[in-house]
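Asker: Place chain B on chain A using the hints.
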Amino acid sequence: MSPVDAAATNVGAGNWKGLGMWAWLLFRIAGIVLVIYLFAHIGVISSARWSGHSTLNSALTLFDHPLFVLLDLLLVWAVLFHALNGVRILLMDFGLGIHRHKAVFVVCMAVAVVGLGFFALKAFSYIAAHHAGGLGGLV
Amino acid sequence: MSEARFRIKRFDPASDTAPRYDTFVVPYEGNLTVLEGLFSIQERQDGSLSFRYCCRAAVCGSCAMYINGRYRLACQTNVSQLPAGDVTVEPMPHLPLVRDLVCDMTDFFAKYEYIKPWLIRDEAHDPEREIPQSPKARRKLDMPIDCILCGCCYSSCPSVWGEENYLGPAALLKAYRFEVDSRDQARRERLPNFDNERGVYRCHTITNCMEACPKELNPTEGIQWLKGAAVRRRLFGRLK
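Residue numbers (my numbering), protein chains in the order written: chain A, 1 to 139; chain B, 1 to 240.
The hints are simulated quantities; they were obtained by calculation from the structure and are not laboratory data. All of these numbers come straight from a predicted model, not from anything done at the bench. Check before you lean on any hint, since a few could be wrong.
Claimed, not checked - Partial list, computed: chain A residues near chain B (C-beta under 7 Å):
no.: 1; residue: Gly18
no.: 2; residue: Met21
no.: 3; residue: Trp24
no.: 4; residue: Ile98
In this text, a Cβ means the ideal position worked out from N, Cα and C, and glycines have one as well.
Pulled out of the complex, with its shape left as it was, chain A reads as follows (with noise of 0.2 Å):
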């Protein structure tokens, strides 16, 4: 489709509007999250393999710091998210709640606030135990 095609035929207007679409988006987008975290995780494990433990230390010395332990909750949330809508998504291809998706969506996602607020406890106990500053470290 050339510019003015595009232009004309309204691509891109409206249709953000059902919640549908963006738990599709965001699933997706939680999916290549995980992906990506997936092989970042093998490397950094292999890495004792191919360049010694100290390598290894090292980056789970720098894993340790606060700001890491927060990045960590957001991947427990990328796998919250990503899990629970899947249930979701599973439920619809066994035909079942299709009527009632985003009433479906929303309990999916309150179990997933629960989960998130329980890892969230732990994390800030965490950080405050093993971090004198608190999350004061983070600046």
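Answerer: Chain B in isolation, oriented as in the chain A frame:
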């Protein structure tokens, strides 16, 4: 006497280089549908305005447009439903444009035809003889049979935007309408046309089609049923 302000997206590929919005004020008494407003503009203000219409009763699906940021049928949208009599009319998004509000539906109907939207029977049956169907079996058709082929779902589907060969929700809903029909004996005849990556498996249950449908139908449900039926047939060879 009331007034409605129509903001209409105009584009004529033959003479224009870029689309523009024209504004028209339409006076009316009592009620005014968007389609009546377009008639009034075409008759009294700008004869070059192009749009499609036919039945004026929300049955034919010709006048599907993007009105105030939502898929609607111009004939069943009353201006009083819209805020402050402000009406923004655009052609359906993501479809090739013929002119102004007229979209090119060639692909849409080619895909519709591709899924064989007719009853397929094993034996040549006498057209004078009816094919009986129980009320219970007929109820399965209640939802999909109301589709008027307006193309709103097709225009709203991101899977269609990304893959020009994807059949789209409307054609697949029609396939569902015949596959679920107790009188249809297609068995494997229609199946290969939707049991592939350009058919049901391209649907990612985004549900924009459900949001868009002016008849409040549920193409996603039909497509999911077809997925299930196709998988069952592959796994167990079960028909119907």
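Asker: Take the hints in turn and mark each one as holding or not.
Answerer: Each hint tested on the structure:
1. The closest approach between the C-beta of Gly18/A and any C-beta of chain B is roughly 4 Å, which is under the 7 Å cut-off, so the hint is satisfied.
2. Because the beta carbon of Met21/A sits about 6 Å from the nearest beta carbon in chain B, less than 7 Å, this interface hint is met.
3. Taking 7 Å as the C-beta contact cut-off toward chain B, the hint placing Trp24/A at the interface holds, the least distance being around 4 Å.
4. Given the 7 Å rule on beta carbons, the hint for Ile98/A holds: about 5 Å separates it from the nearest Cβ of chain B.
Of the numbered hints listed earlier, not one is contradicted by the structure.
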